[in-house]
Structure formats: structure tokens, C-alpha cells
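This is what each chain is made of:
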Amino acid sequence: MNETDLHFFIDSTVNYFEEVTGEQAITGIPYLKGKEPVVLDYSGIIGISGKRKGCVYITTTSEMLKSLANIILNDHQATIETVKDLTGEIANTISGNVREAYGSSFMISVPVVVEGRAKDIRLPEHVQTFVIPITWKEYKSFLVVCLE
Amino acid sequence: MNNDDQSMPFSALEPNAETGKWESQWRDLERVMHYLLQHTGEGIFFLTQDLVIQEYYSKALQEILGISNLRGRNLINLLENRIPSQIIENTKEYLQLMFRPDLDEEVINELNPLVETEFFYEDEWGIWTSSKYLSFTFRRVTQEKNIILLLITIKDVTEKILLSKKIQQTEEHTQKQMEWLVNILHVEPEMLKEFFIGVEQELANIEEILKNAKDTKNPRELIENIYRSLFIIKGNASMLDLRFFTDKTNQFINKVFKLRNKSDLNGNDFVPIVVSLGDMREILKEVQTIFKRISHFHNHFRIKRAYESELLVHSLKTLIISLSKQLGKAVKFDYKDFDALSIPYSYRNMVRDILFLLVRNTILYGIEDFDQRKSSNKDPNAIIKISSMINDGFLGLVMKHDGRIDRIERMIQRLVTYEPDENLPESSLEGIQVTQLLFTPNLQMDNERELEASYSMDMELLKRKLKEKGGRLKITFTSEDCCEFKILLPLRRV
Numbered sequence: 001m002n003e004t005d006l007h008f009f010i011d012s013t014v015n016y017f018e019e020v021t022g023e024q025a026i027t028g029i030p031y032l033k034g035k036e037p038v039v040l041d042y043s044g045i046i047g048i049s050g051k052r053k054g055c056v057y058i059t060t061t062s063e064m065l066k067s068l069a070n071i072i073l074n075d076h077q078a079t080i081e082t083v084k085d086l087t088g089e090i091a092n093t094i095s096g097n098v099r100e101a102y103g104s105s106f107m108i109s110v111p112v113v114v115e116g117r118a119k120d121i122r123l124p125e126h127v128q129t130f131v132i133p134i135t136w137k138e139y140k141s142f143l144v145v146c147l148e
Numbered sequence: 149m150n151n152d153d154q155s156m157p158f159s160a161l162e163p164n165a166e167t168g169k170w171e172s173q174w175r176d177l178e179r180v181m182h183y184l185l186q187h188t189g190e191g192i193f194f195l196t197q198d199l200v201i202q203e204y205y206s207k208a209l210q211e212i213l214g215i216s217n218l219r220g221r222n223l224i225n226l227l228e229n230r231i232p233s234q235i236i237e238n239t240k241e242y243l244q245l246m247f248r249p250d251l252d253e254e255v256i257n258e259l260n261p262l263v264e265t266e267f268f269y270e271d272e273w274g275i276w277t278s279s280k281y282l283s284f285t286f287r288r289v290t291q292e293k294n295i296i297l298l299l300i301t302i303k304d305v306t307e308k309i310l311l312s313k314k315i316q317q318t319e320e321h322t323q324k325q326m327e328w329l330v331n332i333l334h335v336e337p338e339m340l341k342e343f344f345i346g347v348e349q350e351l352a353n354i355e356e357i358l359k360n361a362k363d364t365k366n367p368r369e370l371i372e373n374i375y376r377s378l379f380i381i382k383g384n385a386s387m388l389d390l391r392f393f394t395d396k397t398n399q400f401i402n403k404v405f406k407l408r409n410k411s412d413l414n415g416n417d418f419v420p421i422v423v424s425l426g427d428m429r430e431i432l433k434e435v436q437t438i439f440k441r442i443s444h445f446h447n448h449f450r451i452k453r454a455y456e457s458e459l460l461v462h463s464l465k466t467l468i469i470s471l472s473k474q475l476g477k478a479v480k481f482d483y484k485d486f487d488a489l490s491i492p493y494s495y496r497n498m499v500r501d502i503l504f505l506l507v508r509n510t511i512l513y514g515i516e517d518f519d520q521r522k523s524s525n526k527d528p529n530a531i532i533k534i535s536s537m538i539n540d541g542f543l544g545l546v547m548k549h550d551g552r553i554d555r556i557e558r559m560i561q562r563l564v565t566y567e568p569d570e571n572l573p574e575s576s577l578e579g580i581q582v583t584q585l586l587f588t589p590n591l592q593m594d595n596e597r598e599l600e601a602s603y604s605m606d607m608e609l610l611k612r613k614l615k616e617k618g619g620r621l622k623i624t625f626t627s628e629d630c631c632e633f634k635i636l637l638p639l640r641r642v
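Note that the protein sequences, when read in sequence, are chains A and B. Letter 140 of the first sequence, counting from 1, is numbered 140 in my numbering, and no numbers are missing. Take the position in the second sequence, starting the count at 1, then add 148; the result is the number in my numbering.
Chain A on its own, in the form it takes in the complex (with noise of 0.2 Å):
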């Protein structure tokens, strides 16, 4: 994993929140991951495999899902089943942005949407993991990157 592949997952994750809410999220100091779960209400989960394995996953709030959803599709009272979708919606643009840059060599998977914090998202044990802090208005959530 090289800075410019983390540039990148940053780059397509903070852009994602300029472009639909023009509101511009923060990137935090981003660290290594030790054993402590980073899971927060609700996960979106991006498998890539191909000539370099790894997972990418976004992990945020239901708080800042709703405030989402207020803004993106006008729903003051989102259900659980709306801000499952918005989350998936970020971890695809992540997935879609991934797939134009990385080729068509890399596979992505469709985004899986985890909901709770009950357990830590199980990444490859060989690879180095990247959290990267970001923030949106007052809503904190992390980018986690795992990539060979």
C-alpha cells in the first residue's frame, strides 16, 4: 500500500460528500489499526481481489446517515432501510471510483452493508489497515483501508 493508493481511497470518499451535499468533509490524521474494533453504527464493505487483495470499508453513524438523507433526498424521518442504502450508496461510489482507476485486472465486489457494532470487520492479518479519520458537519466516521 503506497500514499498514492490512499490518497486516492481518501480523495473518492471526501469528494463523494462536496459533490452531493456541497459541504466539504475533513480528513482527520490517519493511523494504523491495532486491535481495537473500528466499527461504528452502520458499515459499507468493499471486497477487491485480482493482482492485490484487500478490503475497503466506510463506517459512520445513523446520525450522520439521517442528516444524509435529510439533505440527499429530502427525508426528515429516514427508516433503517434508507440509511442501509445511503450507506451502500457511499461505499459504491467508493467501489465505482475504484473500478475506473484500478482497471478492469481488479475485481470489486458490490458493496455489503453491515449494520451494528456489535463485532470488528474481520481484515486479511498479513496486511497493513489504514484508518482515516473523517468528519462531515459535526459527524465523525472512518474510511478503513486494507490493501495489499
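Worth flagging that the hints you see were computed from the coordinates, not collected in a lab. For each residue, glycine too, the CB sits at the ideal point set by N, CA and C. Incorrect hints may appear among the rest.
[What the hints assert, rightly or not] So the derived label-pair ranges between C-beta atoms look like this:
| # | chain 1 | residue 1 | chain 2 | residue 2 | range |
| --- | --- | --- | --- | --- | --- |
| 1 | A | 126 | B | 366 | 28 to 38 Å |
| 2 | A | 127 | B | 517 | 46 to 56 Å |
| 3 | A | 117 | B | 181 | 47 to 57 Å |
| 4 | B | 271 | A | 37 | 17 to 27 Å |
Based on the hints, put chain B in the right spot on chain A.
Just chain B, lined up with the frame of chain A:
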């Protein structure tokens, strides 16, 4: 080979000689085909021009693809999300060509995109959990010169591919490991162990700094703290002459330097830092693995204390000889008043580190080269003398040299004399500069400043270590040509 060729390795079917009927023959044929498809280890199936899998296929095909009920399914649909999309596109084109009778089969087979491909298996969430390498071969089935079907065979070639990849990776990895091994072999195992512990601690420190960064209002403070940890790693690596570690740490430090000069910092700016941190972690892990493999040899040959003590003096001798030679200097080493056996076991490593640091820095910064000494009417051979004593409950170590008393050493003398909260002589600008130098790492890239920064960091590190043990350092200039470092360590631990 033409599929219409009648010279087959088995007899053609004939109706029953008595009844003229075919039933039992067909049943026999069906049974044989069933055995074949049941027991072959390869995936075998027929494909129509619409790319649909036909009724009869081998049991192994289901196992290889991880899919059951294949009859009537489209091959391309099955491959989607299991192999890269580019290969799927190539496969579609290839299959179209295979059904063209005007094209030679052997020529087209060279375009086979599935000759060896990685095939991925999904879990219930649609996430890939495993993969195999499969090899597809395609043969035309013709009838009266028309291509009616394709016979496809799939073999699992995972073992062969993985072995070949492993050999290649091992070769590359071994080359790197050999370089690392050569770099660490000269270092005593206990020293290496301590070094690894030190690096672990500092890397963990940097990780904590980054992880807790959200609470900081001053990113520059983070940078200073990261720099301090890196400098400690670099210092320790230099002491043990672990060049690859020193080089890697230098690269890391340079990235930190760039941030230092940036006016407006944000999270993105720390991406190079965290990636470098990841790289260093990997290197540390690799080197520790190599070390574990070789350390059992050392465990079989536990050395006695007397030998350990001889080893210390021998290591210092080796350092002096090699560094002097490198720098064009001539240095005599006098250790006749140094009794390594008098050093308590608990101080052994610390004393070794201190003497290495002092001797190294003396040769680097203090002692002039051969010609400079001659032109100053000094004995061209400089002297470094070490001695030890036990006095009033303290272990004393002294290192003397007759090199030039340089600006740096006068500065260092002040460095170790003043604490940051002590009042410095107001007239002493140099004193203030020195204090700043001590407690604020100098991050400028200019070579001389870097030397000062390096020396001052080493001495800060030394001073810190001594303070932890209740020890003291004193520097005196016994004459214009003689500098003495005296270290006192309490024999009763504080």
C-alpha cells in the same frame, strides 16, 4: 484432429444381434458415461453456441466451480464476479471465434484467455473468501464439418501456480533477508534484542501519537514528538551500525521534515507519515523473524561473564579501528584502567551504550585526522582512554581523549550542565542557543546544523538515560588538548 474421424479407440455401437434393438446398448453407454462423469477429476461439460451448459457434465465440475445445477446456465453469467471483467470480455470474444468454422482451431487456442486464471469464491455476503487457479481448455465438437458444441475441460492447477509463485517470492525475499542478515550478524544478540524492544516502543509511541491526534490543537507538537522518537531509533541503529535501519529511519525523518516546513497542516499531509510507519513495522517484523531463526544458535553457546566483559572491550576496539580507518584518523585505545568485570550486570548494557556513544562521537567530532594533528604539532596518533572505578557507592566511568576541543564539545558541556529551568548567564548567548538546541530538536537540513542536532540528540538521550538511573555526567576540559567525560552511576539503584 477432426472430430468426424471414425478411427476411435473403441468399437462402434451395434444393435442387439438377436433382437435388433438398441435399448441395452444405450443403457450400457449411458452407464459408462455416467461412470466417466462421476469419477473424473476434471470439470467436463459441453457448451452450445449460445454459451449454455448442456445436460451432461462431470461431478467434478460442480465441485471445482462451487456451483450446483449447472445445466442450462450461461457460462459467462457464471464467470461474472468470479474472474476479472477484462478476462470475461476476452472470453466472450474468444468463444465467438471458436464457433467460426473458417478459423483454425489451433491458432485460436493461442488466444485462450482462460488458460490459467484465478477464480474467486464468495461467501453468503458476496465477499470473496478464497480462490483457486483454474485452467480451461476448449475443443470443437463437429458434425459434418459444422461446429455443434464446444467440449470444455477445467483443471484445478492451484498447487502448481502457488508453488511457482512461492518459489519466485522466496527467491526475492531470500535476497532481501540475506542483506538484512549480513547487516545484523555483527551485533551481539542481547544488544539486538534491546534494540528491537526500543524500536517497538518508539513505533508504538508514534502510533499512539497519530491515533490520539484528534485531541490535539497543535499538529506541530505531534511532528516534534514523532521526530523525537525517530531520532531515538536512528541513534540506536547508528550505535549498532545497522545501516538499513538508519537509512530507512532517515527516509522517514525526511518526510517529517517536509511537514515541519509546511504552513497549513491537515490530515492528508500525514499520509506519508502513516505509510512510512507501516513500512517500518514491516521491516521490524521481518528482521525480528530472521533474528529468531539465528538466535537459537547463540543460545546454545551461552557466554560466561568474563567473556562478555572481554567482548565489550573488543567491540570498542573494533569500533575505534573501523571508524578511524573510515575517517582517515589514527587512534590508540588505552583500556588498561578499565575493569569490565566490576560493572554490575544490571548496568552492563547501559555502560556499553554510553561508551559506544562517547567513543563514536569523539572520533566523529573531536579527533582530528592524521594530517591535521601533524600540522598542529600533536602526536598524529590520538588517544582515547577509558577507565573505571568504584567510589563512595558509585560506579565511575571515565573517557578521555586528546582531540580538538571544538565548539561542539564546549556547547555539549553546557548542555549537560544546565537544566531547562535553570537561569543561564544572561551574557551567554551561546548558553541560550545550546539550551534551545537541547530541548528543541534542530530540524534544519544544513549539514553542520545536522551534525550539531545529531550530537545534541545523542547527548540528550544519554542524559535522560542517566537521570532515570540516578546517574550523572560531567564534562571537563583538563587542558586545551584534553577532554574528559565522567559518568557516575549509583551502585544502589535509585
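Now the hints, each set against the structure:
Distance hint check: the CB atoms of residue 126 of chain A and residue 366 of chain B are about 36 Å apart, consistent with the given range 28 to 38 Å. A hinted range of 46 to 56 Å for the beta carbons of residue 127 of chain A and residue 517 of chain B is consistent with their spacing of about 50 Å. Look at residue 117 of chain A against residue 181 of chain B: about 55 Å separates their beta carbons, and that is inside 47 to 57 Å. At roughly 20 Å, the beta-carbon separation of residue 271 of chain B and residue 37 of chain A lies within the given 17 to 27 Å, and the hint holds.
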